[in-house]
Each structure stands twice: as C-alpha cells, then as structure tokens.
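All chains, full assembly: derive it from the sequences and hints.
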Amino acid sequence: MDEQALMGLNPNADACYRQRALAYFEQLKESLDGWEVCAQALAKGVYSDDHVKFFCFQVLEHQIKFRHGSLTAAQQQLIRETLMKWLQAQLMNVHPEKPFIRNKVAQVLALTFVMEYLTLWPKFFFDILSLVGLNPNGVDIYLRTLMAIDAEVVDRDILHSPEETRRNTLIKDSMRERCIPALVESWFQILQTYQHTHSELTCQCLEVVGAYVSWIDLNLIANDRFVNLLLSHMSMEELREEACDCLFEIVNKGMDPVDKTKLVESLCQVLQSAGFFSIEQEEDVDFLAKFSRLVNGMGQSLVLSWTKLSKMGDVKVSAETLRAVEGKVPLMLQLLIHEDDDISANIVGFCYDYLHVLKQLPALNEQQKTNVEAIMLAVMNKLKYDDEYNFENEGEDEAMFVEYRKQLKMLLDRLAQVSPELLLEAVHRVFNATMQNWQTVQFMEVEMAIRLLYMLGEALPASHGAHFSGDTTKTSTLQSMMRTLIICGVSEYQHSSVTLEFFETVVRYDKFFLVEPQHIPSVLMAFLDHRGLRHSSPKVRSRVAYLFSRFIKTLYKHMNAFIEDILSRIQDLLELAPPENGFPVLLSSDDQLFMFETAGVLIVNGESPAERKQALMRSLLTPLMEAFRMLLAKLPQEANEERQAVLADCLNHAVGFASRTSKAFSNKQTVKQCGCSEVYLDCLQTFLPAISCPVQRGPLRSAVRSFLHRMIICLEEEVLPFIPAASQHMLKDCEPRDLQEFIPLISQITAKFKNQVSPFLQEIFMPLVMAIFEVLSRPAEENDQTAALEKQMLRRSYFSFIQTIASSGINEVMASQGAENIERVLFTIIQGAVDFPDPVAQKTCFIILSRLVELWGGKDGLVGFPDFIYKHIVPACFMAPLKPTFDLSDAQTVLELCQVLQQPDVKVLKNYMKVFQ
Numbered sequence: 001m002d003e004q005a006l007m008g009l010n011p012n013a014d015a016c017y018r019q020r021a022l023a024y025f026e027q028l029k030e031s032l033d034g035w036e037v038c039a040q041a042l043a044k045g046v047y048s049d050d051h052v053k054f055f056c057f058q059v060l061e062h063q064i065k066f067r068h069g070s071l072t073a074a075q076q077q078l079i080r081e082t083l084m085k086w087l088q089a090q091l092m093n094v095h096p097e098k099p100f101i102r103n104k105v106a107q108v109l110a111l112t113f114v115m116e117y118l119t120l121w122p123k124f125f126f127d128i129l130s131l132v133g134l135n136p137n138g139v140d141i142y143l144r145t146l147m148a149i150d151a152e153v154v155d156r157d158i159l160h161s162p163e164e165t166r167r168n169t170l171i172k173d174s175m176r177e178r179c180i181p182a183l184v185e186s187w188f189q190i191l192q193t194y195q196h197t198h199s200e201l202t203c204q205c206l207e208v209v210g211a212y213v214s215w216i217d218l219n220l221i222a223n224d225r226f227v228n229l230l231l232s233h234m235s236m237e238e239l240r241e242e243a244c245d246c247l248f249e250i251v252n253k254g255m256d257p258v259d260k261t262k263l264v265e266s267l268c269q270v271l272q273s274a275g276f277f278s279i280e281q282e283e284d285v286d287f288l289a290k291f292s293r294l295v296n297g298m299g300q301s302l303v304l305s306w307t308k309l310s311k312m313g314d315v316k317v318s319a320e321t322l323r324a325v326e327g328k329v330p331l332m333l334q335l336l337i338h339e340d341d342d343i344s345a346n347i348v349g350f351c352y353d354y355l356h357v358l359k360q361l362p363a364l365n366e367q368q369k370t371n372v373e374a375i376m377l378a379v380m381n382k383l384k385y386d387d388e389y390n391f392e393n394e395g396e397d398e399a400m401f402v403e404y405r406k407q408l409k410m411l412l413d414r415l416a417q418v419s420p421e422l423l424l425e426a427v428h429r430v431f432n433a434t435m436q437n438w439q440t441v442q443f444m445e446v447e448m449a450i451r452l453l454y455m456l457g458e459a460l461p462a463s464h465g466a467h468f469s470g471d472t473t474k475t476s477t478l479q480s481m482m483r484t485l486i487i488c489g490v491s492e493y494q495h496s497s498v499t500l501e502f503f504e505t506v507v508r509y510d511k512f513f514l515v516e517p518q519h520i521p522s523v524l525m526a527f528l529d530h531r532g533l534r535h536s537s538p539k540v541r542s543r544v545a546y547l548f549s550r551f552i553k554t555l556y557k558h559m560n561a562f563i564e565d566i567l568s569r570i571q572d573l574l575e576l577a578p579p580e581n582g583f584p585v586l587l588s589s590d591d592q593l594f595m596f597e598t599a600g601v602l603i604v605n606g607e608s609p610a611e612r613k614q615a616l617m618r619s620l621l622t623p624l625m626e627a628f629r630m631l632l633a634k635l636p637q638e639a640n641e642e643r644q645a646v647l648a649d650c651l652n653h654a655v656g657f658a659s660r661t662s663k664a665f666s667n668k669q670t671v672k673q674c675g676c677s678e679v680y681l682d683c684l685q686t687f688l689p690a691i692s693c694p695v696q697r698g699p700l701r702s703a704v705r706s707f708l709h710r711m712i713i714c715l716e717e718e719v720l721p722f723i724p725a726a727s728q729h730m731l732k733d734c735e736p737r738d739l740q741e742f743i744p745l746i747s748q749i750t751a752k753f754k755n756q757v758s759p760f761l762q763e764i765f766m767p768l769v770m771a772i773f774e775v776l777s778r779p780a781e782e783n784d785q786t787a788a789l790e791k792q793m794l795r796r797s798y799f800s801f802i803q804t805i806a807s808s809g810i811n812e813v814m815a816s817q818g819a820e821n822i823e824r825v826l827f828t829i830i831q832g833a834v835d836f837p838d839p840v841a842q843k844t845c846f847i848i849l850s851r852l853v854e855l856w857g858g859k860d861g862l863v864g865f866p867d868f869i870y871k872h873i874v875p876a877c878f879m880a881p882l883k884p885t886f887d888l889s890d891a892q893t894v895l896e897l898c899q900v901l902q903q904p905d906v907k908v909l910k911n912y913m914k915v916f917q
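Numbered according to the UniProt record's numbering, the sequence shown terminates at residue 917, and the numbering increases by one at each position without gaps.
Watch out, some of these pointers could steer you wrong.
Ranges of calculated distance between the beta carbons of each label pair, as one might list FRET restraints [what the hints assert, rightly or not]:
| # | residue 1 | residue 2 | range |
| --- | --- | --- | --- |
| 1 | R550 | P875 | 53 to 61 Å |
| 2 | A89 | E26 | 47 to 55 Å |
| 3 | Q685 | K859 | 35 to 43 Å |
Derived DSS-like pairs (lysine-lysine); straight-line CA-CA distance at most 25 Å [what the hints assert, rightly or not]:
| # | residue 1 | residue 2 |
| --- | --- | --- |
| 4 | K539 | K409 |
| 5 | K883 | K859 |
| 6 | K85 | K123 |
| 7 | K44 | K85 |
| 8 | K29 | K44 |
| 9 | K539 | K406 |
| 10 | K359 | K369 |
| 11 | K511 | K668 |
| 12 | K553 | K663 |
| 13 | K359 | K409 |
| 14 | K409 | K384 |
| 15 | K172 | K123 |
| 16 | K732 | K634 |
| 17 | K752 | K672 |
| 18 | K557 | K539 |
| 19 | K316 | K359 |
| 20 | K316 | K253 |
| 21 | K511 | K557 |
| 22 | K557 | K668 |
| 23 | K172 | K65 |
| 24 | K511 | K553 |
| 25 | K474 | K369 |
| 26 | K474 | K406 |
| 27 | K557 | K663 |
| 28 | K316 | K369 |
| 29 | K732 | K663 |
If you are wondering where the hints come from, they were derived from the structure by calculation, not from laboratory data. The C-beta atom is built at its ideal place from N, Cα and C for all residues, glycine as well.
Written as structure tokens, this is what we have:
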C-alpha cells in the first residue's frame with residue numbers, strides 16, 4: 001500500500017497529505033483488486049494505526065455494497081475469511097479496538113450478512129457464535145453486528161426499495177426458521193454471564209433484545225426465566241434504564257388484544273410485587289423517566305386492547321380490560337404530578353388516551369369523576385413555571401418547558417371534552433382563590449391562574465369567540481372571572497409573565513367588553529401605561545403593541561370617547577426613530593407598524609366629521625413626511641455604504657408606517673369619505689422622488705412600489721396621474737428583481753382601471769417589454785441557480801402581464817404596437833408555450849394564445865393573425881404535449897390548449913390541414 005498516502009489519514013496531517021489519502025482511497029475503491037490488498041492487511045494485522053484499519057474496512061465495505069455480485073466465488077470466500085480471521089484476532093487482544101472501528105466492522109459484517117445469508121452463508125450466526133463463545137471482545141462485535149443488521153433489515157425509519165423490502169422479509173422469515181431460538185439463547189447466556197461484571201455488554205444485549213422482540217416469537221422472551229432476569233436488572237443501577245427500555249419494547253409488540261392484556265397484567269403484577277410502583281421512594285429521576293415511559297406503554301397498550309375489544313362487541317372482556325386500565329390510574333397520577341417534567345411528560349400519552357376512553361362512556365361513575373378531578377389538579381399544578389425559568393433569555397430548558405406546556409394543554413382540552421362542567425368549576429375555584437390574594441402569592445401561581453382562564457377559550461370553544469352568549473352557566477362563570485381579572489388589580493403584578501398573560505387573556509376575551517363596556521377605560525390605561533406599552537421589558541412592550549392593535553380593532557365602536565386621548569398618549573411611540581441619535585427606542589419598527597395601524601383604525605372609525613379625521617390623519621402622517629424629506633436629502637451625500645443602508649432602512653420604515661395606516665379604510669369607510677385623499681396624495685408626492693435616488697435604489701424602489709399598490713386600492717383613479725412618471729423612473733437601470741416586482745403593479749393598474757389606462761399602457765408597453773427582454777438576454781454563469789431562478793420568475797411575471805392585458809378587454813394596447821413588435825411578442829408566447837421547461841409559464845401562455853385567437857382570429861381581427869395561427873399557434877399546440885416537461889395531468893393547461901384548437905370563428909384545423917393538401 002502507498003505508505004505516504006496512508007499518512008494523510010491522520011486527522012492532524014497536512015492538507016496535501018489528506019488530499020493524497022483521499023485520492024488513494026478513491027483509487028482503491030475503483031480498482032478491481034485494490035480491496036484485496038486491504039483484506040490481506042486486515043487478516044494479517046499489518047497495521048496498528050486505527051485510521052488505516054478504518055480506511056481498509058471502508059474499502060472493503062464499498063466492495064461488498066456495490067460490487068458483491070460481480071465477485072468470483074473465491075473472492076467472496078476471501079471476504080468471509082478476512083472478517084472471521086480479524087474477529088478471531090480480537091479474541092486474543094487485551095485491549096479491544098476503538099468503538100468507531102468496532103462499529104465499522106459491525107456494518108461490514110451486516111452488509112455481508114444481507115448479501116449472503118439467503119444463499120452463500122446460511123450459517124452466518126452459528127459460525128460467529130461458535131467462534132466468539134462468551135469472549136467479551138467477541139460478544140461486543142456480535143452484539144454490534146446484530147444492531148447493524150437491525151438497521152439494514154428491520155428499522156422502519158430507513159426507506160427501502162420494494163426489492164430490498166422483499167429481500168428483508170425473506171431474511172426475517174429465514175432467521176425465524178433457522179436461528180432465532182439459538183440467538184435468543186445466546187442473549188440469555190450473555191445477560192446471565194455479564195450482568196454483574198460487564199454492564200456495558202449487558203446493556204448492549206438488552207438493546208438487541210428490545211430491537212428484535214418486535215418481529216420474533218414473543219414466547220421466546222416473555223417467559224419466566226427471561227422476565228425474572230430482566231426484573232433483576234431493574235434493581236441494578238447500571239442496567240435498570242436499559243432493562244426498562246427492553247420491557248417497553250416487549251409491551252409494545254403488536255399482538256391479539258386479549259393476549260396483550262394478559263401480558264401487561266402479568267408484567268404489572270410482577271413489577272408491583274417487586275416494589276417498583278412505590279415511586280415516592282425512588283430518587284433516581286433518570287430511571288423514573290424510563291419507568292414512566294414503560295408505564296405509559298403498558299397503559300396505552302391496554303387502552304388499545306379495550307378499543308379493539310369494544311369494536312368487536314366483547315362486553316365481558318372489554319370490561320375486564322377497562323378495569324385493568326383504571327387499575328393503572330393511581331400510578332399514572334403519581335407520575336403525572338412528579339416534580340420532574342420529563343417523568344411527567346412521559347406519561348401524558350396514557351393520560352390522554354384514558355380521558356379519550358372516558359369520553360366514549362355513556363356516563364362516569366364516582367371513581368372516574370374522582371380520576372378526572374385528580375388529572376385536572378395535576379395539570380393545573382404542572383402548568384406552573386419554576387423559579388429557574390429565565391424569561392429574559394430563554395434557552396433550551398425553557399423551550400422544553402414550553403413544549404411540555406403544549407402537552408398539558410392537550411390534556412386540558414381533552415378534560416373539557418370529558419366533563420366541561422367539572423373543568424369550568426375547577427378553574428373558577430382556583431382562579432378566584434388566587435385573585436383574592438394575588439399580592440401575597442408567588443408569580444407562578446398568579447400566572448397559572450390567569451393562564452387557565454386563557455386556556456378555557458380554546459378548551460370550551462365558541463363560534464367566533466362568542467363566549468358570552470348562549471349557555472348561561474358558562475357565560476356567567478367566564479364573565480365573573482373576567483370581571484375579577486380586571487377589577488382585582490392583578491395587572492399591577494410585578495412580573496412579566498403575569499403581565500403578558502393578563503393582556504393575552506383580555507384580548508382573547510375581547511367580546512366581554514361588548515357585554516360590560518364599563519371596564520374598557522381601566523384596560524386601556526393598562527395598555528397605555530407602565531404595565532403595557534411603557535413596561536420595562538422590551539419583550540412585553542413588543543407583544544402588547546400587537547395585542548393593543550387587536551383590542552382596538554375589535555372594540556373600535558366603543559373607542560370614540562377616548563380617540564384623541566389615546567393618540568396623544570401614544571404620540572411618542574409613533575415617531576420615526578432617527579438613525580443617528582443612538583438612544584434606545586421603546587418599540588422596534590415592526591412593533592410600530594401595529595401602532596400606526598391602531599392609530600389609523602381609531603381615526604378612521606371614529607364618529608368625528610371628515611374635516612376632523614383629515615386633521616388627525618395629517619397630524620399623524622406629516623411628521624413622517626418631514627422626516628422622509630430630510631433623510632432623503634441626506635442619503636445621496638452619504639459616502640459610507642453601511643450608513644447609506646441605515647438611512648435607506650429608516651426611509652423604508654417611514655413609507656411602511658404610512659402604508660400601514662391605510663389598512664384602516666374599508667368599503668364602508670373609504671379614504672374619500674373620511675376626507676383623507678389629500679393627505680395620502682401628499683405622502684405619494686413625498687415618497688415618489690425616492691425611486692430616482694442614485695444610491696440604495698433596490699430597497700427604496702421596493703418600498704415605494706408597495707405604497708403604490710396600497711394607494712391604487714385606497715385612492716383609486718386619484719393615483720393615476722402619478723403612475724407614468726413613477727413607471728418611467730422604475731424602468732431605468734432595472735435588475736431582474738425590480739422588474740419582477742414592477743410588473744404586478746402595472747398588472748394591478750391594468751386589471752383595475754382597464755380602458756382608463758389604455759393610453760398609458762400603449763405608451764409604456766414596448767419600453768417595459770424591451771426592458772424585460774434586455775434583462776432576460778443578459779449572460780449568466782451556467783451554474784448560477786439564483787440568476788436562473790430570477791430569470792424564470794421574471795419570465796412568468798412577463799407572461800402574467802400579457803395575460804392581464806389580453807383578459808382586460810383592452811386589446812388595442814398590443815394591437816397598436818406595430819406589426820414587427822407584435823410579432824416579436826407573439827413569438828415569445830409561442831416559445832413560452834413550447835420551449836421553456838416551466839409548466840406554470842406554459843399554462844399562462846396557452847391561456848394568452850386562447851384569448852388572442854378569440855380576439856383576433858376572425859374576419860375583423862388583426863391583419864395577418866389567422867395566418868400566424870396556422871403557421872405557429874396550431875403547431876405549438878401539437879408540439880408542446882410531446883415535450884417531456886409538458887404536464888398532461890394539469891387539466892387547465894390541456895383545456896386551454898384544446899380551446900385554442902376549437903375557436904369557431906377561424907376554422908383553424910381546416911386551414912391547417914390545407915397546408916398538407
């Protein structure tokens with residue numbers, strides 16, 4: 001072997017050596033006999049370096065995986081002999097090989113097994129077992145090989161081809177016939193031999209038993225000698241967790257429901273007799289987490305058996321199974337309420353399934369009602385945060401608790417389905433008790449009480465949030481709790497979690513204020529002062545900005561008396577944060593969007609006359625316009641690119657804020673009716689110069705385009721005078737992205753105003769098309785995926801624009817462009833329908849062609865167009881479906897294609913056939 005190349009296998013080797021080693025590896029893999037050199041080196045133990053040994057096994061692995069079928073019988077025999085010789089050598093080693101080498105050997109053995117067991121090496125396991133006996137080094141390789149075989153043959157998480165699946169089924173069937181009893185016996189001997197002296201091997205063996213039990217005869221494992229051995233392992237500190245996992249796999253095995261019930265019950269009796277159900281005396285939380293998972297598996301298995309037996313109509317046996325389920329509830333409750341969340345989380349599945357069983361029963365007996373109440377109390381207690389939760393810097397532990405809370409919420413929702421009255425009563429009791437003494441109660445208790453009220457909103461669903469109409473028991477209880485929440489003063493509690501929960505709950509039940517509007521002023525003050533938008537925590541302020549927006553949107557009809565006071569109080573939160581002052585801001589720009597929208601909703605929906613609304617809107621938007629003009633004047637003078645980007649960002653925020661205020665308008669309250677047209681036209685005049693700014697062109701154009709989109713909706717035809725100049729500037733020095741974003745704007749104008757904008761469109765049509773053609777013709781790197789995608793999206797936008805023109809009844813826009821230009825555009829549509837491998841564009845092109853044939857194909861149509869139809873359009877209809885990229889399963893594309901061929905005015909097919917006559 002190339003010794004210098006092998007030096008590059010060391011992780012600390014120089015880059016050139018590593019490169020040489022990689023090249024040598026590829027060379028050995030590809031050569032027909034290179035693997036034999038590696039096999040010889042392994043069999044004779046030539047190399048002591050771990051990385052070289054690993055390298056040799058990798059070469060061997062590649063040969064078995066990809067070339068096994070082409071090897072001669074002698075070569076296949078050489079591989080078997082190499083592996084067995086290497087294994088034999090391990091039996092003598094005082095120090096076993098490193099784990100990464102043992103794992104690689106196991107993979108190679110497993111691959112060889114898969115390739116040869118059914119044909120060439122039926123005695124695979126017997127050969128290995130007779131060689132290794134109970135030698136610890138040999139047993140280690142044997143167990144690792146079994147797990148590697150499980151990964152290759154059994155593991156359902158690994159995708160297999162149909163051929164591999166068929167092969168794997170044959171392997172498992174053959175193993176059941178030939179060797180499984182012998183393997184099980186070997187496992188028993190290993191467990192018994194090494195349980196006190198070699199915990200690592202014992203744990204490995206338990207893992208193997210757990211992996212194989214799902215598809216072998218359960219009686220080989222679920223018998224007295226095996227179960228007693230496993231139970232003895234449950235009492236050994238180093239083995240108990242793996243023994244628990246092994247028992248879990250045994251319990252999880254699919255089987256007849258009656259047999260499963262018997263198995264679980266017998267296992268439970270044995271575990272209970274051995275004292276494992278007395279979990280309060282157990283201090284090892286890692287073991288308890290595994291034990292909780294085992295109990296969860298047993299409980300869920302019993303529930304599944306009950307479900308199957310109930311469907312079969314076996315009343316007597318299903319009743320016995322239900323008693324078995326309920327016999328596990330006390331243990332389930334102990335685990336659910338455990339202070340360790342992992343232990344609790346592992347039993348949630350059984351708890352959820354048990355509640356599902358109760359939901360299906362016609363009525364609950366007293367014990368079942370007691371169980372439901374106990375689960376409720378457990379869930380309520382476990383919802384609480386602990387002292388260590390870091391609210392300001394949430395990490396992995398905090399994320400895990402949030403996920404655990406979601407599981408508890410599922411239980412609460414299920415409890416509401418089983419007994420909504422019990423849940424409502426329990427929450428009411430806990431909530432009232434906590435709110436009466438909130439000043440002296442820890443934050444986690446207060447947060448949990450409000451959280452429970454919040455969670456009732458989903459647990460007891462109501463149509464469109466109408467929690468305060470209908471069932472009087474529910475509505476009066478919820479109303480009472482909401483009233484208490486607001487009046488008791490808990491919004492003053494000095495903890496961010498309580499503050500957030502207060503506002504979340506107020507907004508979830510915002511319909512409460514339609515029933516009792518007298519509470520609106522006090523809640524508004526909470527939103528506006530140190531409890532909400534002025535809170536010391538940025539996280540709270542950010543969330544409250546969003547929640548305040550939602551609150552106002554729902555209750556705007558009740559806000560008339562407070563509008564100007566609210567606007568006055570939030571005025572400083574509506575200022576554009578200047579980029580140069582360096583002071584921290586109360587709200588981020590994203591949060592400010594909600595504040596501007598809120599201000600817009602208050603102004604637009606107030607009962608003031610139009611003049612007052614105009615004045616309020618002007619006072620809201622004028623500071624933005626002034627700041628915009630000042631910053632825009634500064635931007636071209638700024639040489640530093642980073643500083644330019646900051647200024648452009650600030651300008652974009654100003655445009656975004658103004659745009660967001662316009663979301664308040666509706667069909668009932670239009671810009672014109674509110675007298676605000678002039679204000680928004682002023683904004684438009686202020687913002688439009690930004691599109692001709694020589695620096696930061698992309699972001700500025702994007703912001704102004706978005707504003708134009710909004711103004712087309714809000715100002716309607718009043719916006720039209722601004723469009724020509726804006727379009728002219730936007731078409732200068734275009735990038736693909738600019739055009740791609742500009743086309744939807746023109747399409748929006750076309751679809752909305754149609755004939756009103758026909759002259760403008762006739763004027764801009766060819767400049768826009770030429771700009772698109774110019775960008776599409778720019779050369780790009782062959783492997784530049786981003787550029788290719790940008791061009792594809794631009795091409796789609798272009799075809800979409802042509803489709804809008806053709807569908808808007810303004811065919812004069814294209815017809816007036818001159819024969820040469822029209823033909824050029826038409827050829828691009830033919831090209832899009834036939835040549836580009838883009839089904840989306842293809843569909844659009846056929847829709848365009850169908851529409852154009854309809855418009856121009858008759859006697860009064862465009863001169864020369866019928867000729868174009870049968871020379872180009874009809875051939876396209878026949879050529880396109882022959883392309884491999886054509887989507888024949890897309891009914892819309894096929895329909896449009898057929899419609900092109902079926903236009904009654906032009907007798908297309910008849911004319912087309914004349915060409916061949």
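Hint by hint, here is what the structure shows:
no. : hint                     : result
1   : R550 to P875: 53 to 61 Å : holds, 58 Å
2   : A89 to E26: 47 to 55 Å   : violated, 28 Å
3   : Q685 to K859: 35 to 43 Å : violated, 49 Å
4   : K539 to K409             : holds, 23 Å
5   : K883 to K859             : violated, 33 Å
6   : K85 to K123              : holds, 16 Å
7   : K44 to K85               : holds, 8 Å
8   : K29 to K44               : holds, 20 Å
9   : K539 to K406             : holds, 21 Å
10  : K359 to K369             : holds, 12 Å
11  : K511 to K668             : holds, 22 Å
12  : K553 to K663             : holds, 11 Å
13  : K359 to K409             : holds, 17 Å
14  : K409 to K384             : holds, 12 Å
15  : K172 to K123             : holds, 14 Å
16  : K732 to K634             : holds, 22 Å
17  : K752 to K672             : holds, 18 Å
18  : K557 to K539             : violated, 29 Å
19  : K316 to K359             : holds, 20 Å
20  : K316 to K253             : holds, 24 Å
21  : K511 to K557             : holds, 12 Å
22  : K557 to K668             : holds, 14 Å
23  : K172 to K65              : holds, 20 Å
24  : K511 to K553             : holds, 12 Å
25  : K474 to K369             : holds, 20 Å
26  : K474 to K406             : holds, 24 Å
27  : K557 to K663             : holds, 17 Å
28  : K316 to K369             : holds, 23 Å
29  : K732 to K663             : violated, 30 Å
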